[in-house]
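Given the coordinates of chain A, assemble chains B and C onto it according to the supplied hints.
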Amino acid sequence: MSVAILTDITRCIGCLECVAACKREYNLEVDVPRRWQNNDGLSAENWTSVLHKPGPHYIRKQCRHCLEPACASACPVGALHQTDIGAVMYENDKCLGCRYCMMACPYGIPRYDWDEQVPYVRKCILCHDKVKAGGQPACTSVCPTEATIFGDRAELLAEAHKRIKENPGKYIDHVWGEHEVGGTSVLYISDINLDFLCYKPNMKTSLPTTTEAAMKSVPVAFVGMGGVMLGLNWIIKRRQKLKEGEAPEGDEQ
Amino acid sequence: MNRVHVVKTILWALVGLGLAVAISRFAFGLGATTNLTDATPWGLWIGFDVMAGVALAAGGFVITAVFYMMRRKEFHPMVRPAVLTAFLGYVAVVFSLLVDLGLPWNIWHMMIYWNPHSPLFEVGWCVMLYTTVLLLEFSPVPLESTSRYAKIRTFLMKFRFPLVLLGIMLSTLHQSSLGSLFLIMPFKLHPLWYTKILPILFFISAVGLGLMMVSFESLVSGWIYRKKPETHLVAKLGKAAVWVLGVFLIVRFVDLGIAGKLGLIFAGSWESFLFVAEILIMAVIPMIIFANPATRNRVGWQWAGSFMVVFGAVFNRINVGGLTMVSTTGDAYFPSWMEFAISFGVVSFMILIFLFAIEKFHIWEEQPRELEADPHAKPRFSRAGEVWLGAPAVAGRTKYSFAFVLALAIGFAIMPGKKLHSGGIENVPVEAARGGDTLYVDGNRDGYGVAFKHEFHIDTLGGDQSCVRCHHMNMPMDFASGCFNCHSQMYQAVDAFKHDWHASPSGGNVACNECHAEGENRTAASAKSCESCHTDLIPAGATIEIESYMAPAYTDAMHDMCIGCHREVNQQRAELPEQKDLALCGTCHTTAGPEYLRADVRERLKRPEFNRVVMPGLSLEDGK
Amino acid sequence: MEALLDFAQGPLFRLTFAIMILGLLRILILDIVGMVEAYRKAGDKSIPWGLTISRTLEWLFPVKRILNHRPIYSIISILFHIGLIITPIFLFAHVRLWEQGVGFGWWTLSPQVADTLTITTIVFGLLLFLGRVGVSRARALSRPQDYLWPVLLIIPFISGYLCANMGVSPAVYQASMLVHVLSGELIFVALPFTKIAHCVLMPFSQLVSVLAWKFPARVDEDVATTLDKKGAPV
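Chains as they are written, first to last, in this note's numbering: chain A, 1 to 253; chain B, 254 to 877; chain C, 878 to 1111.
Hints are computed from structural coordinates only; laboratory data are not their basis. Keep in mind that the hints are not guaranteed to be accurate.
[As the list claims (entries may be wrong)] Covered stretches of chain B, as calculated for chain A (at least 3 residues, CB under 8 Å):
no.	region
1	276-285
2	319-327
3	437-447
4	549-562
A virtual CB, placed ideally from N, CA and C, is assigned to each residue, including glycine.
Extracted from the complex, chain A is given alone in its bound form (with noise of 0.2 Å):
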């Protein structure tokens, strides 16, 4: 089962309840702006927040739950990884805080506790242990509008459909969501343009491709160069000796 929130913009009043439910979750606490932060109120103490944008729309922001996570990919040891239901989970054992998920999520998502000693990434993790126990996760429960609502994946891709279809004119017809980046499952509909909410709009390619072609390429220049380094040597060497007539002395280094 692949889960998924659908977010629609045109019902969000900027209530922010469920940023309030998320910080009552986890416990977070109280934000404090900070120098390092970027300015979309997301923080190491916000995992989920509401932009304003003019006209008044409110668009809520939170890790998207690539369906191939990049930050996952990119983690070398697999500190981030995603579940069965498809929530991109950070465990704090292991993250040695290269922060290489930071510069790899399109979206920007991940944030870092700088002022800590001790600092983790911090991010949305779907309420992964509400949704598995068989409940919704704390934003989607609370909202008042029901502008942003958890469901099976294909049944909310659904759902967005055809609540563009039922209203034309009303949204613009794109779900942002469905096939960026290979697919996300936090997915938004809305009827003025999203794609500030990642790095750079209609990217259709799942990130963790892009490094494959060179992963898979390792072995083979690992060897590669090896041979051909043998086989040089052994052509210079033969050279040298049918030059000089003799073999050549033991190198010294």
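Chains B and C in isolation, oriented as in the chain A frame:
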């Protein structure tokens, strides 16, 4: 002081400064020492120390390939310095990583938790393996100084060829995999640098850089020890570098051409400028220098050419590592001085080890001389020890240790005194964002939460229509105005009790015992309470107990220590202006002259906004 | 004045204090390394440990010296040292500053004892200075820094006493506090690089003298070369 002493003294000072910063980095965390942000999680320590450090270590595998594999015997004098440089380069990378990683004590996790999909996993393993290989490759050199280790040495020498081969193979992987790291960021890296063949480009440029790094290092260390430069060897390396850099340029431009990105070079953007500078410095100009026999054999041109390749390649790594991502992330990162201090400190430490090794071991064909202290020097008594124990074994010992200690002390002194830490906030779950009465907010943005009476503020500011007064009013994305937007004076340090001021009217310091109990230490604890003189200080029936010897600052006072009673008094005196002016001492202390206030407050009093709450588009005074 | 005082009590204090601690560590290490080197070079490796240790102890706890040699000078000097070391470390006000700055404090002197010690230090410091000026034998042995030190060392005591006990106006108070802080910091900085470093080198001084008299093998040639008299008959 001779040249060696000057260089080493400076290096020791840099090491001292770096050490001081390293201590503060582990004591206070990354946020307090670096300028890194959530949008720029990799900075100088990755871009320069790791990316460029590995690139600079390329000389080791290039020279061993040339010497052992291609059997070019004439490069023998350069092999040992190059292998040593490579080894120290990797040690520097490990040091920098230990500082940069958030949880460096977990670095060994790479060995047990595998994620073979991750390029960083490959990088990590290459660093571990290649550092070990380099250590084994180099260790016969220090071991040859005593016959005691002859057996180990012979044993190691048996494996030299396979070790060298393994080293070259690992380097190939490692140099290229640094490029693979950035393949996963097609969205961040500028298209002029992002290409699927980034690993190949990294490898080719590493070969060219390796050749020139060996040349540059030979020229510099020769200059330090006033050794005759190895001009003919550098010229040969330069000739080889022309070919390698040529291949690099062809691959680079053909790749750009196929992808149809050549037009971007002339876009006139920040990135196109970086690109042109990088190509010119790293490849084109050095190629011209080393292709021309007239300039190739001249020491001055060799300095210029090799330095340009080294600088250009480091520049390239820094470009890929972050400089060309700035326009995407919109986060202009510039390293803090502390980041520079660590980088320079690590590099300096490695150079010192290099110089030490050159003096102690047989790294050059002839070991540099005149570094021992002169045994016939006239006795010079140390001012501190006042005794002469003979010439010290290391001539510059006193100078180096002095520079080191002084720099370390300076580092401690200029470190930010307060740590950037939100430790003041209790772990209180936030209340519901709306509808609740008392919120626990950090309205001051100072890291400390206060109880905020939301409903009370709604009522006072005008009921249902007043949300907009605080919410969504200032910066976009900022959900509520800070307390200070209305309570504009809360940051003024109001010393409710000013000792100097109390002392002077009561007769200067001769009257200490009027307030402080005699025979005890003169602290707040031994002083009389305020209300023993100011008998009307605490109104009768006040509900809040005030420890009167504490001097409440304005912020404390406003957060319900004083304001309740003051408001009552305010209502009793109808002639007084609105309550917001309670902040002015002169509201009540009508007789106090202007010198009553501190100078900076006096200056601020003159400013027009002082008595008015200024908000964008709104003013409390005219009540719009 | 306030800004200057803030600077002197903040970054400048951190700097000078760090220089003192690190500098003392430095000369201690340099001294020990130098001793090891001298011992290795020495032709005669025997060291009279018993004598060295007993002499060191005699210098550290100078009971015998008071009884035998120049008792008045010895007593003045010892009392001066006691006040000099104990007062600043255990003064209540100083310990309070440590508590505020680093979070821990320690046992403190009562104000009366502290005042007494301050005054004795000032008086005996002045006496030592006068002794150096007045006695011709001492004058002959003295370098400029020897006259300077007793005076410099009592300046923070005088200014500190002024701040703590005398009735002065706030302006004078601040000025004398500034003198107190700055002169103390000057002492911190100078400490590891002048003869006052004996505060940490003291325990080794006897050993150093023993080692300094151990000449390396074939030292005569070296001495001759140093004095530019190579080949001259010794």
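Hints, verified against the model:
1. Check on the region 276-285 of chain B: 7 of its residues sit with their Cβ under 8 Å from a Cβ of chain A, so the three-residue criterion for coverage holds.
2. As drawn, the region 319-327 of chain B meets chain A at 6 residues by the rule of a beta-carbon pair under 8 Å; at three or more, the given contact holds.
3. Using a Cβ-Cβ cut-off of 8 Å, 5 residues of the region 437-447 of chain B lie near chain A, which meets the minimum of three, so the contact claim holds.
4. Note: the region 549-562 of chain B has 0 residues with beta-carbon separation from chain A under 8 Å; the three-residue rule is not met and the coverage is violated.
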